[in-house]
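Please take these sequences and the hints and turn them into a complete structure.
There are 2 protein chains.
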Amino acid sequence: MITGKNYIGNQRYATGSKTYKTFNPQLNIENEYIFYEATSEEINEAISLASNAFKTFRNISRLKKATFLNAIADEILVLDDELIQTYCLETGLPEGRAKGERGRTVGQLRSFAELVSEGSWVEAAIDTAEPDRAPIPKPDVRKMMIPLGPVVVFGACNFPLAYSTAGGDTAAALAAGCPVIVKSHPMHAGTGELVSQAIIKAAQKTGMPNGVFSNLNSSGIEVGVQLVQHPNVKAVGFTGSIKGGRALYNLASKREVPIPVFAEMGSVNPVVILPEALKERGESLAKTYAGSITLGSGQFCTNPGLLLGIKSESLDSFISTLSDEIVKIQPTCMIHPNIIGAYESNKANAIAQPQLSVVADYDNDVQSNYGRQAITTVEGKTFLENTTLHQEVFGPYSLVVQCEDANQLEAIISKLEGQLTGTIIAESDEASNYTKVIAALQNRVGRIIYNGVPTGVEVCPAMVHGGPYPASTDSRFTAVGIHSIKRWVRPFSYQDWPNNLLPEELKNENPLGISRTINGKQTTNKI
Amino acid sequence: MITGKNYIGNQRYATGSKTYKTFNPQLNIENEYIFYEATSEEINEAISLASNAFKTFRNISRLKKATFLNAIADEILVLDDELIQTYCLETGLPEGRAKGERGRTVGQLRSFAELVSEGSWVEAAIDTAEPDRAPIPKPDVRKMMIPLGPVVVFGACNFPLAYSTAGGDTAAALAAGCPVIVKSHPMHAGTGELVSQAIIKAAQKTGMPNGVFSNLNSSGIEVGVQLVQHPNVKAVGFTGSIKGGRALYNLASKREVPIPVFAEMGSVNPVVILPEALKERGESLAKTYAGSITLGSGQFCTNPGLLLGIKSESLDSFISTLSDEIVKIQPTCMIHPNIIGAYESNKANAIAQPQLSVVADYDNDVQSNYGRQAITTVEGKTFLENTTLHQEVFGPYSLVVQCEDANQLEAIISKLEGQLTGTIIAESDEASNYTKVIAALQNRVGRIIYNGVPTGVEVCPAMVHGGPYPASTDSRFTAVGIHSIKRWVRPFSYQDWPNNLLPEELKNENPLGISRTINGKQTTNKI
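As you go down the protein sequences, you meet chains A and B in turn. Everything in the first sequence is counted per the numbering used here, starting at 11 for the first residue and increasing by one. Everything in the second sequence is counted per the numbering used here, starting at 11 for the first residue and increasing by one.
Please note that the accuracy of each hint is not assured.
No copy is singled out in the list; a pair is fine if it fits within one copy or between any two copies.
Straight-line Cα separation of at most 20 Å, SDA-like style, residue types lysine to any residue; simulated pairs [as the list claims (entries may be wrong)]: (1) K496 with M155; (2) K253 with R265; (3) K338 with V376; (4) K65 with A449; (5) K28 with R107.
In short, the hints are calculated from the structure, not lab data. Everything numeric in this text was worked out from a predicted model, so none of it was measured.
Pasting the structure below:
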């Protein structure tokens, strides 16, 4: 049941007077639930509980932590139809997408449960003492990762489950041993509340400390600002716009004690289609990309918003086929009137740029809030000179840039902002003739794809979802996969510490049987 | 030979008109060499060369990189007496210290050479494809660490070799594959120039690209500001004051594209002496700490500036012995008149605080620039209320806080700023009665020491030299040990990339024989 309240540890509060509703974009009406914006006192209470919970949660056994994470996954599944229906009501996305995203969310939680239950993720390193070393004895030094403290997670508009309440940021932070306070995304506050219920139920069932999780409603920026500025908040996770992410980054870096903000933000995900590939399979590529650009109404962080080719007849045919194919696709509902509003205005702004041609623009009648796809094209020179064309148009839109030659292609890539992904489409052996283009692309992105589409983000240890700014605020971390836990931990050394007082991970006996680096060698041996 | 010029790649420039000299604090006179402050054009040239060098240096083979790092170590040793003498002339530190620090510097370079030559440090992870997976095929995804780009390193005043020109930051950045531009520390610009000669000789002998290293002279803040603000600089390493480190952090975070700054800054390195230990061996502890507080005239980042005990007769005796012992020690020369000036003024400011008692203050005649040690003491309550007393007094000074009880001790620790180290002095079994005190200390520091002194920082994989702000600007990294390389690299994924185009580290055949995570298992196997 959706109450609209704030979940502050194990209590629910609705003491504020500011309320808001979510929106059903399919029906173009407000949903019935009323949400109570968190008050300043409620925010402080959530942080105070989280700080207190951290004292025990940071030391909770790996198996208990794994049980907690798995219990969250279980409780999310128990929500069943209520969750799926609320998700659809609040986003206009189809049931299949809701279920797929739920599967991803549950899978992420379970993969973190597995990681912490195995235990080697703490990167234990032990250098044993050499009391007789000259001129000075070598001490015994032992290192492992420990949690930073309470983490604030901002729910993402475009992924109500996988990148929101119990999404990747939350799962990684809890796995690290950090309590989490979620700033719920106002567009799907009901979905967020249901997932919060699941987390709190799981926390209570598995004996976690009160305050290990809180969920705060908010339709404006005030709640987020107060959270990020609070001295007891130790890190921030965010997925969303460059404007939003940068604002949080700025707030955090101006604090008396700055804290890390991992914000995953904008990306146009450039796709380079090399000449031979264009010639050999331009038509099928055009069809594939018509699908990728409109997938989920273009509301993926990894949507291909920029296609780069070298001028040729094949490129002309590709553009023509892409244009023909994309207008055949039935538009779909975008998540919220604000999202489609921003899409329409950003698209209009792009289209209004000089020397740009619109080659496809869906113009049949569609329902309110359905995103009309468009394809535009410009010359390489125009693109190089006008950085407005480099900006993301979040939605089913892509710009095809027609480069003079490989040098211009490389120059354009080098001028791009940081990106989540880059894609190279090539015939066999073709890529090896474009090493400079590929090197330039690698320098701008977090992940590079060969002969595929960027829109799928596999959850696996080798995945990097991040990249140079503004794809993320810190390219040294990933938002997806088990290594995303590294955002919320710090290394900590014990020197000459008595064995009986060391954490299990660092004891001589290696009671957890984890893999450790002992005097430079990776081993599961005892000392 | 010292020329006073800027080393910009393989060229030397002295085009500016602003010059400065270094100072001999032992003789209290200026040294003869004249250094030419880098001009804006010289700075831009160094960055331009570094960006260009990055294109090849990032892909240089691991063995070549290791040869380069070892060659730097060799060339530093070739400098022999000239280096040691210049070091002593510019710092007033004794020859033994100069040689010890040279050993540490050479050792760090060789340990990074070993790291990159072995190769597993790139944390290669491979998730192989599952083309038949339903509902969608699983792609092949392969990840490894790649370098960020040109790194600017600020030389530290207190470690002319180990934390400066070819110190830990530089060695780690070069090992990562990042070109380095050093902003030379003006107090030991001659030492810096000699080491720069060694680096550039090594670069030329081993065929590194021009611009892989530059060294810029600077006596003010302008050169550093221009470097940190330049769009082609990708990260910054700094060791020094909170004021200096924070200023660089602020500049970097206000850039259009923010970059990571790892600044290792201030720390008072609290030492908690538990009651039984005070009772059993207060006298010997007092002698040990008199030595640790005055070691190197207190000019270590890890100098114990704060001693915490619980009120008792034993604490009184400890304070009395510490006071007696510390004034027996002959003061030594501090690095520069500015350093001793700051020490005297910070000490005077601390001593002027209300309700503080000076229990030892060396007052015999000493040479100019010799640091006079002092010990002060306050009640726990006074310390809690006056955060001026929490600030570092860089030099041979320590404050003893007399706490009412264990609760007040814990409260005081919880109120401290972030620290590089914390130390617990305890009799056997005593520490287990102070778990809250230890937990509070762990939460404030990067390294915790049992029954020792914090002043030694062993260079080993398990070492953490860093900690919560302001010990460092990002507690998720260490400045010492091989893992300090993580500051200068980012993870990068290849998706469905052809085997022949993959870097060696990720190829099926595992030609380098490195340890990799393949489908979740750590192995050196081929695929």
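Do the hints match the structure? See the list:
Taking CA atoms no more than 20 Å apart as the test, K496 paired with M155 passes in both settings, with 9 Å inside one copy and 14 Å between copies. In this assembly of identical chains, K253 and R265 lie within 20 Å of each other by CA distance both inside one copy and across copies; the values are 19 Å within and 15 Å between. When the C-alpha separation of K338 and V376 is checked against a cutoff of 20 Å, the pair qualifies only within one copy, where the shortest distance is 13 Å, while the shortest distance between copies is 89 Å. In the homo-oligomer, the alpha carbons of K65 and A449 lie at most 20 Å apart only across protomers (8 Å), although the nearest pairing inside one protomer, at 46 Å, exceeds that limit.
Taking CA atoms no more than 20 Å apart as the test, K28 paired with R107 passes in neither setting, with 32 Å inside one copy and 65 Å between copies.
Checked against the numbered hints listed earlier, the structure breaks hint 5 alone; every other hint is satisfied.
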